[in-house]
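Participant: Residue numbers for the sequence shown follow this note's numbering, beginning at 576 and rising by one.
The reader is advised that the hints may include incorrect statements.
Restraint ranges, calculated between C-beta atoms of paired labels, are given here [as the list claims (entries may be wrong)]:
1. S643 with P756: 37 to 45 Å
2. S623 with G707: 34 to 42 Å
3. D586 with L784: 46 to 54 Å
4. I791 with G714: 52 to 60 Å
5. E632 with F727: 27 to 35 Å
6. D579 with M705: 16 to 24 Å
7. P660 with V609: 20 to 28 Å
8. P730 with E632: 44 to 52 Å
9. E632 with A602: 20 to 28 Å
10. Q764 with V737: 39 to 47 Å
11. V783 with S643: 16 to 24 Å
12. I648 with Y723: 34 to 42 Å
13. D586 with T760: 53 to 61 Å
Just so you know, these hints were derived from the structure itself, not from any lab.
Treat the numbers as computed from the prediction; the structure is a model and nothing was measured.
Glycine residues also receive a C-beta, built at the ideal position from the N, C-alpha and C atoms.
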Amino acid sequence: MNYDLVVARKDILDQLPTFLASFFQVAVQDVCIVDWQKQFDLDEEKWSSILIFCSYERCSGDFAWSLSLFATINFPDVYTAGRLPTEEALAIHLAETFNTVVRFPLSLNIHPSASWLATPRGEVFCAYAMEGNLVVIDGEEYMPYFVYEVEFPVPELPHARVTHFPDIINELEIKQRPSTPICDTLTIQLENSHLSTLSNPASKALSVLSFWEVLILRMSHGWAREIVIQPSSMQTTLEIEII
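Use the sequences and the hints to build the structure in full.
Facilitator: Rendered as structure tokens:
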């Protein structure tokens, strides 16, 4: 499992080992944090004792550090079996702990500048960032990144314009739309009836109901973008009269 995060706060490196050890539930000595230019200098003995590896690279603009993390092959099997925390969970916890904003990948084929943005309040919004002109810090050149558009107001980024992201929402609707058991049941009953779901006015009502069910599901799950409904947790019996 890889984690790619970009953090706005500058003074986090000294506290990062303790934070990551607590988050991944490992000992501090099992966490290795190094400058990305020195990550290949680690000897085999050091690698064999690492559970969580994190390299950092300095940034400029709205962000201070780019972090690249992964759990090594030494990590306990209970996690490598697919139970590692998600990238979003790490970004939110990092943002809340250090009172900062954290950018992490969108994982959708939208635009390379599009991403998620976690805030200190536990929110996750869509955002667009752009490159600025090269700047020199301590004799090194850095490409600054600035967030220029956000889905909702972010006090930490007052210069970012608040706007809608229809391209991202459409992609999320297609790829991460939760299941709708109520509408699915109604659809089956209509398809088995003598009425055409294309011409019948009920099909229009069903379309509206589908969006409403998605809305209610996301509200009940704290506006989560990915919702998994266990079949055993919802027993739905519907009967409609076809006239």
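Participant: Now tell me, hint by hint, if it's right for this structure.
Facilitator: Each hint tested on the structure:
no.	hint	verdict
1	S643 with P756: 37 to 45 Å	40 Å, holds
2	S623 with G707: 34 to 42 Å	41 Å, holds
3	D586 with L784: 46 to 54 Å	51 Å, holds
4	I791 with G714: 52 to 60 Å	56 Å, holds
5	E632 with F727: 27 to 35 Å	28 Å, holds
6	D579 with M705: 16 to 24 Å	18 Å, holds
7	P660 with V609: 20 to 28 Å	22 Å, holds
8	P730 with E632: 44 to 52 Å	26 Å, violated
9	E632 with A602: 20 to 28 Å	25 Å, holds
10	Q764 with V737: 39 to 47 Å	43 Å, holds
11	V783 with S643: 16 to 24 Å	44 Å, violated
12	I648 with Y723: 34 to 42 Å	40 Å, holds
13	D586 with T760: 53 to 61 Å	54 Å, holds
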